[in-house]
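*Asks:* The primary structure of each chain is shown beneath.
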Amino acid sequence: MEFLLPHSSRSHPPRPGAIPSLSMLRRLCLLEASTLLALLLVAVPLKHLAGLPIAVSVMGPVHGMAFLVFCWQLAQARTERAVDGATTWRLLLAAFIPLGGFYSWFMLGREAAR
Amino acid sequence: MTYLWIKGLHLAAVLTWAGGLVLLGVTIAALRPVGEAVLLPHEKRLGTAILHWDRRVTTPAMLAAWALGIGLASWGGWFGALWLTAKLPIVVALSGLHGVLAATLRRHVERHERPAPAWLRHAPAIAIAGLSAIAWLAAIKP
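Chains A and B, in that order, are what the protein sequence lines are. So in the numbering used here, spot 64 of the first sequence is number 64, and the numbers just go up one at a time. So in the numbering used here, spot 36 of the second sequence is number 1036, and the numbers just go up one at a time.
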């Protein structure tokens, strides 16, 4: 949990209030990563190989919504000091990379379990 | 016809979200000088009421504005249009601002934690500038 806290808070134990925000953020990492993979690996091939543009028309907005909710929760988690500044940028960057969200989900879970 | 109904609902959701966002911004800007001092009972009561309003009205309105907006853009074939491409980063930034303001007020009112960062005193102006840019882009569609 140590790295999730800002430098000024490292000598103090994590606040109990930070945990729900972090667990929600972790779930949203998974949701964002799943919708991105579904978009890239299912919807886009269906559009270009099977001539089904409806797949992208559906999955695109679903992923867009998941990304917005993720950004909103990330801003809250940072403000509540559930994650530090460097982690915030890492999580945001990972959201743009396929499988990056799964790594964020795993990393946040591993650190929270410590 | 359905498109216009969804557009109307999107506008209603955006207006509700905008009102709540500016309310949060003004509240944080007003409470910021309080600093480490304990909030007075009436300040705490007002802050709690605004947090309730945010949870029950402003946040659902924001989610509805996103969902309806994405639906409209998809249905209308607007994705890729310049005005929408310019509008989306502003929407993401305002959503982030809303998240920061709501979490700051929660920390302030419910946990009596340290005062908000100095830049948040400009939050109402940032919100108004972002909302104005969105209105201009959506109306003019350059």
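Don't read these hints as lab results, they were simulated from the structure. Note that the coordinates shown come from a computational prediction; the quantities given were computed from them, not determined experimentally. For each residue, glycine too, the CB sits at the ideal point set by N, CA and C. Possibly wrong hints are sitting among the right ones.
[Claimed, not checked] Examples of chain A residues lying across from chain B (beta carbon under 7 Å, computed):
(1) HIS48
(2) LEU49
(3) PRO53
(4) ALA55
(5) SER57
(6) LEU68
(7) TRP72
(8) ALA75
(9) GLU80
(10) THR88
(11) PHE102
[Stated by the list, open to error] Below are the SDA-like pairs computed for lysine to any residue, each with C-alpha atoms no more than 25 Å apart in a straight line:
(12) LYS47/A to LEU1082/B
(13) LYS47/A to TRP1075/B
(14) LYS47/A to LYS1141/B
(15) LYS1007/B to PRO45/A
(16) LYS1141/B to MET65/A
(17) LYS47/A to ALA1081/B
(18) LYS47/A to LEU1072/B
(19) LYS1007/B to ALA94/A
(20) LYS1007/B to LEU41/A
(21) LYS1007/B to GLY64/A
(22) LYS47/A to GLY1076/B
(23) LYS47/A to LEU1088/B
(24) LYS1007/B to MET65/A
(25) LYS47/A to LEU1068/B
(26) LYS1007/B to PHE67/A
(27) LYS1007/B to TYR103/A
(28) LYS1007/B to GLY60/A
(29) LYS1141/B to GLY60/A
(30) LYS47/A to GLY1071/B
(31) LYS47/A to GLY1077/B
(32) LYS47/A to ALA1067/B
(33) LYS1007/B to PHE96/A
*Asks:* Which hints, by number, does the structure contradict?
*Replies:* 1, 2, 3, 4, 10, 11, 14, 15, 19, 20, 27, 33
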